[in-house]
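Participant: One-letter residues, chain by chain:
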Amino acid sequence: MRYVATFIFLIVFSSSLLAQMQRQRAVKDGPVDDIFRIGSLIGMSTVVNLEARNLNSLITHNFGLVSSGIEEFYGLDQNAAVRLGFDYGVTDKLTIGIGRTSVEDNVDFRAKFIVLEQLKSDKIPVQVAIKGDVGINTQKNTQFDDFTFQERLNYFVSIMVARKINKQLSLQIAPMISHFNTVKIEQAGVIPENTHYGIGLGGRYAFDERKAITFEYLPVIGERSPGTKNHFAIGYEIETGGHVFQMFFMSGKWFTEQHLLARTNTDFFAGDFRLGFNINRVFGL
Amino acid sequence: MKKLFTLLIALVLFSPLHAQSFFAEDGEAVFISKVPLHTFEGSSQNLVGLINLDENILDFYLDLETLDTGNGKRDRDMKLTLETEEFPFAEFYGTLESPVDLNNSEPQPAVAKGTFKIHGKQQEVEIEGTLQPTSEGILLKANWILNLNDYNIEPPSLLIIKVDENQEINIEILLKPYSEDQ
Numbered sequence: 000m001r002y003v004a005t006f007i008f009l010i011v012f013s014s015s016l017l018a019q020m021q022r023q024r025a026v027k028d029g030p031v032d033d034i035f036r037i038g039s040l041i042g043m044s045t046v047v048n049l050e051a052r053n054l055n056s057l058i059t060h061n062f063g064l065v066s067s068g069i070e071e072f073y074g075l076d077q078n079a080a081v082r083l084g085f086d087y088g089v090t091d092k093l094t095i096g097i098g099r100t101s102v103e104d105n106v107d108f109r110a111k112f113i114v115l116e117q118l119k120s121d122k123i124p125v126q127v128a129i130k131g132d133v134g135i136n137t138q139k140n141t142q143f144d145d146f147t148f149q150e151r152l153n154y155f156v157s158i159m160v161a162r163k164i165n166k167q168l169s170l171q172i173a174p175m176i177s178h179f180n181t182v183k184i185e186q187a188g189v190i191p192e193n194t195h196y197g198i199g200l201g202g203r204y205a206f207d208e209r210k211a212i213t214f215e216y217l218p219v220i221g222e223r224s225p226g227t228k229n230h231f232a233i234g235y236e237i238e239t240g241g242h243v244f245q246m247f248f249m250s251g252k253w254f255t256e257q258h259l260l261a262r263t264n265t266d267f268f269a270g271d272f273r274l275g276f277n278i279n280r281v282f283g284l
Numbered sequence: 000m001k002k003l004f005t006l007l008i009a010l011v012l013f014s015p016l017h018a019q020s021f022f023a024e025d026g027e028a029v030f031i032s033k034v035p036l037h038t039f040e041g042s043s044q045n046l047v048g049l050i051n052l053d054e055n056i057l058d059f060y061l062d063l064e065t066l067d068t069g070n071g072k073r074d075r076d077m078k079l080t081l082e083t084e085e086f087p088f089a090e091f092y093g094t095l096e097s098p099v100d101l102n103n104s105e106p107q108p109a110v111a112k113g114t115f116k117i118h119g120k121q122q123e124v125e126i127e128g129t130l131q132p133t134s135e136g137i138l139l140k141a142n143w144i145l146n147l148n149d150y151n152i153e154p155p156s157l158l159i160i161k162v163d164e165n166q167e168i169n170i171e172i173l174l175k176p177y178s179e180d181q
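Heads up: the sequence lines are chains A and B, in that order. All letters in the first sequence, in the order written, are residues 0 to 284 by numbering that gives the first Met the number 0. All letters in the second sequence, in the order written, are residues 0 to 181 by numbering that gives the first Met the number 0.
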């Protein structure tokens, strides 16, 4: 009887060895996906970069102030400000880009580099990226005709630190500096600041895989030019295959962060905000 | 002594160490997606496969997070569509329905029947391909059509145009002789 039991045991045991292989993940650890969906929340850059050899075309619009009322169809009758830009992933960690904003014909060149990636294992709990942007005011009119190339330049640099808290929520903090070689004296006796310091705060809350709300707040820290307000924006993000649409209300009319920080002159919380939208389209090259 | 001998004989008879098995974990899997006027591919080099010719068993799986379409955003969309966090693997487990002549180095038609599982759903499938004995092992090639709806996968959209629910799948893997103690 014991032999029979032994044989049965061996048959069962050996059969079990013919069962399925144990499934093992090929990627045991790695960067956290989708800290943010795309390289910018609304106007503020995120720690997310394009992957190598990917191109993102980004069209950004905003209109006049909603507070202009029905006569101006809540700002839509006013001229839209537009930035058309392209960003390219040189490597998975380095993205470069160029864009042109219709306001002051500002052409900007930018680069973003991911220094640290948040890991699924939490061995690195945050993602860190640095960004630089150099803009050139190319406007030709009497106001700028006498400016030299050097005088037309504006700059931005930021260190972004973000964490995907959970599947829904990601938050970012970004100390930043904006500098304009030339500033315009609007008020006699008051010298505007060439340099502004700020702390960008941003976040994204995903309702599901496709939809999310986003916000960004860029308070100026320290001295600021007369009339400069803290930029704020809140948006709704929809993703379809290949596209990310961002519809938002924002305070300023600018799109580059050096302008958002230093030259926003309307106060969102006083009811002075405008409708805008971004269209992102990523291509693999 | 007699009992010990009997046990040893039994162990030898049932030990998988003597099974004629072939294994690899660097096979290629490719899917081809179509929308009107546009086609794109995704591929992975992490296909894991085991063939046991004694038992005619085939066991394959792929970590879906290793699929790469060449577009990071599209990769993330694909992972969301396949819900890879919850269902990380595409798997096939079944039997080889046709014999393989290991002394014939020509590609030999092969049919496998079994269960294909992805996105938490499974279907009984029959897959045709070829098996080709080589100096290194056995080269397996197969292709079939995977219908996304059969596995409760909502075909993603490019703008408002949905990706074709039928996805062409191609696999190629060189399986090498393998024993359980490796």
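Careful: at least some of the hints might be erroneous.
[To be verified] Incomplete in silico selection of chain A near chain B, CB under 8 angstroms:
#, residue
1, Gly226
2, Ile237
3, Gly241
[Unchecked claim] Cross-link-like lysine-lysine pairs, in silico, BS3-like; alpha carbons within 27 angstroms at most:
#, chain 1, residue 1, chain 2, residue 2
4, B, Lys140, B, Lys116
5, A, Lys166, B, Lys116
6, A, Lys92, B, Lys78
7, A, Lys210, B, Lys33
[As the list claims (entries may be wrong)] Residues from chain B that keep clear of chain A, each with C-beta distances beyond 12 angstroms, as calculated:
#, residue
8, His37
9, Gln44
10, Thr65
11, Asp74
12, Thr80
13, Val124
14, Asn148
15, Pro155
Rather than coming from a laboratory, the hints here were simulated on the basis of the structure. Even glycine gets a Cβ: it sits at the ideal position worked out from N, Cα and C.
Participant: All the hints need checking, so say for each whether the structure fits it.
Facilitator: So, going through the hints one by one against the coordinates:
no. : hint                  : result
1   : Gly226                : violated (39 angstroms)
2   : Ile237                : violated (12 angstroms)
3   : Gly241                : holds (5 angstroms)
4   : B:Lys140 <-> B:Lys116 : holds (19 angstroms)
5   : A:Lys166 <-> B:Lys116 : holds (25 angstroms)
6   : A:Lys92 <-> B:Lys78   : holds (21 angstroms)
7   : A:Lys210 <-> B:Lys33  : holds (25 angstroms)
8   : His37                 : violated (10 angstroms)
9   : Gln44                 : violated (9 angstroms)
10  : Thr65                 : violated (5 angstroms)
11  : Asp74                 : violated (8 angstroms)
12  : Thr80                 : violated (8 angstroms)
13  : Val124                : holds (16 angstroms)
14  : Asn148                : holds (17 angstroms)
15  : Pro155                : violated (5 angstroms)
Checked against the numbered hints given earlier, this structure breaks hints 1, 2, 8, 9, 10, 11, 12, 15; the rest are met.
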